[in-house]
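If you read the protein sequences in the order shown, they are chains X and Z. Using numbering that gives the first Met the number 0, the letters of the first sequence map in sequence onto residues 0 to 265. Using numbering that gives the first Met the number 0, the letters of the second sequence map in sequence onto residues 0 to 265.
I should point out that these hints are in silico values taken from the structure, not numbers from a laboratory. Predicted model only: the values in this text are computed from it and were never measured.
Pairs count within a copy or across copies, as identical chains cannot be separated in the list.
Capping the alpha-carbon separation at 25 Å, the derived lysine to any residue pairs in SDA-like fashion look like this:
| no. | residue 1 | residue 2 |
| --- | --- | --- |
| 1 | K66 | S37 |
| 2 | K66 | L138 |
| 3 | K53 | A147 |
| 4 | K53 | R144 |
| 5 | K53 | Q153 |
| 6 | K53 | R154 |
| 7 | K53 | E143 |
| 8 | K53 | R148 |
| 9 | K53 | S34 |
| 10 | K245 | S229 |
| 11 | K66 | F199 |
| 12 | K245 | S200 |
| 13 | K240 | E181 |
| 14 | K245 | H202 |
| 15 | K66 | G104 |
| 16 | K240 | E203 |
| 17 | K240 | G198 |
| 18 | K245 | A195 |
Number of protein chains: 2
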Amino acid sequence: MLNAEMLRETTAPLAGSMERCGPERAGQAWRAQCSACSMQNLCLPRGIQPGDLKLIDELVYTQRRVKRGQTLIEAGDPFRNLYGLRSGFLKSFVSAEDGREQVIGFHMAGDIVGFEGIDSDRHSRTLTALEDSEVCIVLFHNLERTAARVPALQRQFYRMMSREIVREQGLMMLLGAMSAEERMAAFLLNLSRRFAARGFSQHEFNLRMTREEIGSYLGLTLETVSRGFSRFQERGLIDIKQRRVKLLDMNLLERTAGGRKGDTAN
Amino acid sequence: MLNAEMLRETTAPLAGSMERCGPERAGQAWRAQCSACSMQNLCLPRGIQPGDLKLIDELVYTQRRVKRGQTLIEAGDPFRNLYGLRSGFLKSFVSAEDGREQVIGFHMAGDIVGFEGIDSDRHSRTLTALEDSEVCIVLFHNLERTAARVPALQRQFYRMMSREIVREQGLMMLLGAMSAEERMAAFLLNLSRRFAARGFSQHEFNLRMTREEIGSYLGLTLETVSRGFSRFQERGLIDIKQRRVKLLDMNLLERTAGGRKGDTAN
DNA sequence: CGAACGCTTGACATTTGTCAAACGGCGTGG
DNA sequence: CCACGCCGTTTGACAAATGTCAAGCGTTCG
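With the hints as constraints, model all of the structure from the sequences given.
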């Protein structure tokens with residue numbers, strides 16, 4: 000299945016020279032190619048004919064590194080690009096005026112982020128790296144033009160937006176109708192499925208986020224999250240130590256997640 | 000401003016012969032025209048050049064009536080159409096296996112519904128009319144084709160999907176980070192803004208949904224909603240009797256809604 | 001090696017949910 | 001047109017879940 004070594008490497012940045020960057024916004028840019036990317040079938044190029052792939056390659060003109068703790072997009076930034084996550088792990092969140100934050104999602108390789116900004120021409124979420132990450136930059140204007148010529152790209156982009164809507168609606172069910180433990184079980188199963196879809200173990204992985212970030216995502220306090228994990232452990236559902244989790248009894252976890260089968264999509 | 004007469008008419012169906020229809024799915028179809036529709040600038044045709052409007056007219060090939068209590072789309076239905084709400088009022092909700100329901104949104108004239116189905120080719124929400132309604136049916140396949148030729152339509156459709164994402168993210172902030180009273184104040188202000196955007200009073204309107212539906216939407220029980228309204232009334236924030244609400248002190252309501260300025264979009 | 005940060009756990013407070021009863025408006029049928 | 005019954009709403013008393021505050025511990029990173 001998976002050993003500690005692989006776990007460490009799960010979403011680590013690809014090897015390459017580490018450039019210096021400013022304290023907030025990060026990263027020197029270099030060219031990237033969808034046609035050579037291992038995330039092809041999770042990301043924008045999905046379903047594109049090989050013949051059209053070179054059009055897509057021109058779309059994605061650069062990559063950028065974002066180091067742990069750095070911000071890729073700040074809520075309020077003008078909307079110009081979409082970002083395809085090539086490696087690493089991001090969180091997105093919105094803030095109220097009084098400083099309260101609500102984590103909206105955790106993003107991993109193959110996810111596209113940023114299209115919430117289309118409507119108002121400004122981004123509405125902040126995107127921050129939870130570990131060193133690499134993103135492909137897609138000029139939205141170019142995507143629009145190419146999509147009008149490549150129906151499969153058009154379709155895939157619709158799909159990805161639609162999937163985000165469905166994902167959020169699952170999260171709403173979670174926040175609006177589920178108990179603390181149900182939420183936590185659903186959260187773990189969701190992460191598990193997503194790691195599995197990327198070729199990693201569904202039974203063992205590292206959490207990239209703090210208890211507080213999990214709590215914000217699930218609408219709970221960090222203490223409730225901590226206690227929840229402890230109780231899961233007492234019951235033999237999971238084995239958890241700090242950020243490292245093993246899911247020991249998926250069936251029971253699923254039943255604990257209640258009506259829902261482990262969150263939705265993404 | 001607005002009188003009782005107007006309130007009654009707010010989103011009532013247009014005059015016309017009432018056809019018979021089955022107990023569940025409703026409605027005889029007839030042709031419709033975007034170019035003659037008063038919801039033009041809230042809906043798909045927004046920003047389209049007059050010259051292109053006839054292309055859009057061909058897109059929307061029929062309308063359909065949905066009577067109060069009837070279901071327009073059932074979760075699980077195959078995805079083929081989008082629906083533009085011409086008049087009336089709908090709710091959309093998702094259900095867990097154990098029967099719990101989470102209301103995801105309330106929809107009024109000018110809203111487009113159904114695009115959550117694009118990703119999986121099946122609808123994931125159920126859409127039910129809270130009052131007699133009329134919808135315009137848009138074959139998604141046609142929309143795709145026309146959008147590739149009319150950039151403004153493409154753009155507007157992106158915007159509407161993006162807006163839905165932003166709307167949901169506002170709802171998540173509400174469900175995950177706000178107290179019962181904050182949620183309720185935000186809810187009222189959101190309805191107020193949306194009625195205002197459609198030319199109705201922002202200070203006085205009829206709720207189309209039960210306390211239970213409001214509760215489901217806000218992640219609360221119907222009793223908590225009822226008590227909340229009562230307390231708002233005691234404090235002079237609102238005047239409420241059954242489904243009829245007057246917002247008496249918008250400023251205080253906004254402060255009660257806390258960090259957020261009355262929900263997001265739509 | 002030390003400080004800062006994240007995590008755990010306990011005691012207690014508060015919010016919200018649950019259960020129950022009663023009211024009232026509205027629509028239906030007599 | 002009126003009476004009855006149903007459904008939605010209100011309100012109360014109580015229970016349970018989760019949040020708050022506080023202390024202490026372990027890890028990790030500089």
